[in-house]
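There are 2 protein chains.
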Amino acid sequence: MRIDVHFTPVGLSAGDLNGRGVVVIDVLRATTTVITALANGAKAVIPAASSEEAVRLTSNLEKDGVLLAGERKSLKIEGFALGNSPREMTPEVVAGKTIVLATTNGTPALVAAQGGDPVLVGAAANITALAKRAREVLEARSELVIICAGRERQFAVEDAYTAGRLVKVVKKGLGKVDLNDSAAAALALTAAYDGWADAFVDSDAARQLDQADLGADVAFCAKPNRFGTVPQYAERRIT
Amino acid sequence: MRIDVHFTPVGLSAGDLNGRGVVVIDVLRATTTVITALANGAKAVIPAASSEEAVRLTSNLEKDGVLLAGERKSLKIEGFALGNSPREMTPEVVAGKTIVLATTNGTPALVAAQGGDPVLVGAAANITALAKRAREVLEARSELVIICAGRERQFAVEDAYTAGRLVKVVKKGLGKVDLNDSAAAALALTAAYDGWADAFVDSDAARQLDQADLGADVAFCAKPNRFGTVPQYAERRIT
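Chains as they are written, first to last, in this note's numbering: chain V, 5 to 243; chain C, 5 to 243.
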């Protein structure tokens, strides 16, 4: 058995993931936002690689059930209904809606993961339920691929820590599981922090969110197991 | 003061490093090889981004003082005088020679670091002397950039560990030094391993070298402070 972590989607080609079991993590904030929206009753989330693609995708959908959401430099994109804050994804706002979401790192990583089967959406917010599903995938396929969105094509510590927590639980009791360098390092990182909030608080992403007055999102995203939902991405939509 | 680590050169643009103090690390094996060659009397090492570029660069140099060296998939490139093993860089072979070196990850990372001032070449083999020079750069410039070559555009644990060891020594006693996510994670990694050999032995790179019957290179590269040389890359050559 084998677990591979990728700290960014850079270098993954379209065919690399075909038919392989994949988890995508952008814990600050896109995958937390997706999980929250679906747990709160959204019909689907459609990830877009860019804001332009989000607008294009929206024009092909029934207007009244669709919400455009997304951020650039942490802030809501002008003209979009919602930003990328999980705190915006309340039942009142998202129930029954299809959300087209465009973010800087997370939704491009999801789009890059297309071809995986299944593609699971992970974060602290669903870590226990996620680990259970990921373990089933690992046992069925003898391998698991975990893709961190990272930050502007670079390593992001909050995603790596989340990947490490996932690796730790998924491989527990399985005997020898081969890990690539990133998986081994992610696992090592879990010992370096005193829990989710400690791992997230000094990250570059958290600093940027603080500066954008979105520090409350960091606290939201650092709380584990808010939901038992494990969204799955297939046929261009996450449900 | 600030230290930034990059786990791969991916995403660094030509202008990013202009005039900034840079350390490049590809401990298995390119930067260890460069340090060894220069410590053993080579006149200069010219890094090439590819084997084709190495051949082209060589055709512009005086023939009899030049050695072509390099690897693809760990093995010596056909027709080249030397591979990329530091154990080949003996005084008998390299003294007085200019070596044109092409490797998969390390020399492209060096080429990508052009524009930095200085660009220092680092590995376990020169860690103490390197840390002293890097500390001077940090104190003079208030910042330091450490670029790991990584492995095929992905994170490599042996480079990250070496970067972490460097960060640890360089920032010692300086009070608050800002670290980007990769620098913080590299520093955390140093606590996860029991020294150089332990950090290197299970790496993807070490496994590939073992399979190519080059396991002795891993042991060579894991021994710290073989040399007091800190090579510097400027005007397309390392001296």
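There may be inaccurate statements among the hints.
The list cannot tell twin chains apart, which means a pair is met if one copy fits it or any two copies do.
Claimed, not checked - Once the Cα atoms are required to be at most 25 angstroms apart in a straight line, the calculated DMTMM-like pairs of lysine to aspartate or glutamate come out as:
1. 227 x 147
2. 176 x 198
3. 136 x 56
4. 175 x 239
5. 180 x 202
6. 77 x 140
7. 172 x 206
8. 175 x 202
9. 172 x 96
Simulated from the structure, these hints should not be mistaken for laboratory data. Please read these numbers as outputs of a predicted model, since none were measured by experiment.
Okay, the hints, checked on the actual structure:
1. Taking the closest pair of Cα atoms, residue 227 and residue 147 never come within 25 angstroms of each other, the shortest separation being 28 angstroms inside a single copy and 34 angstroms across copies.
2. For a Cα distance limit of 25 angstroms, the shortest separation of residue 176 from residue 198 qualifies both inside one copy, at 20 angstroms, and across copies, at 23 angstroms.
3. Within a single copy, residue 136 and residue 56 get their C-alpha atoms no closer than 36 angstroms, and across copies no closer than 49 angstroms, so neither meets the 25 angstroms cut-off.
4. Taking the closest pair of Cα atoms, residue 175 and residue 239 never come within 25 angstroms of each other, the shortest separation being 29 angstroms inside a single copy and 49 angstroms across copies.
5. Only between protomers do residue 180 and residue 202 lie at most 25 angstroms apart by alpha-carbon distance; the minimum there is 18 angstroms, versus 30 angstroms within a single protomer.
6. For the homomeric pair residue 77 and residue 140, neither the shortest alpha-carbon distance inside one copy (36 angstroms) nor that between copies (35 angstroms) is at most 25 angstroms.
7. Taking the shortest alpha-carbon separations for residue 172 and residue 206, both the intra-copy value of 22 angstroms and the inter-copy value of 18 angstroms come in at or below 25 angstroms.
8. For a Cα distance limit of 25 angstroms, the shortest separation of residue 175 from residue 202 qualifies both inside one copy, at 23 angstroms, and across copies, at 21 angstroms.
9. In this assembly of identical chains, residue 172 and residue 96 lie within 25 angstroms of each other by CA distance neither inside one copy nor across copies; the values are 36 angstroms within and 49 angstroms between.
In this structure, the hints that do not hold are numbers 1, 3, 4, 6 and 9, in rising order.
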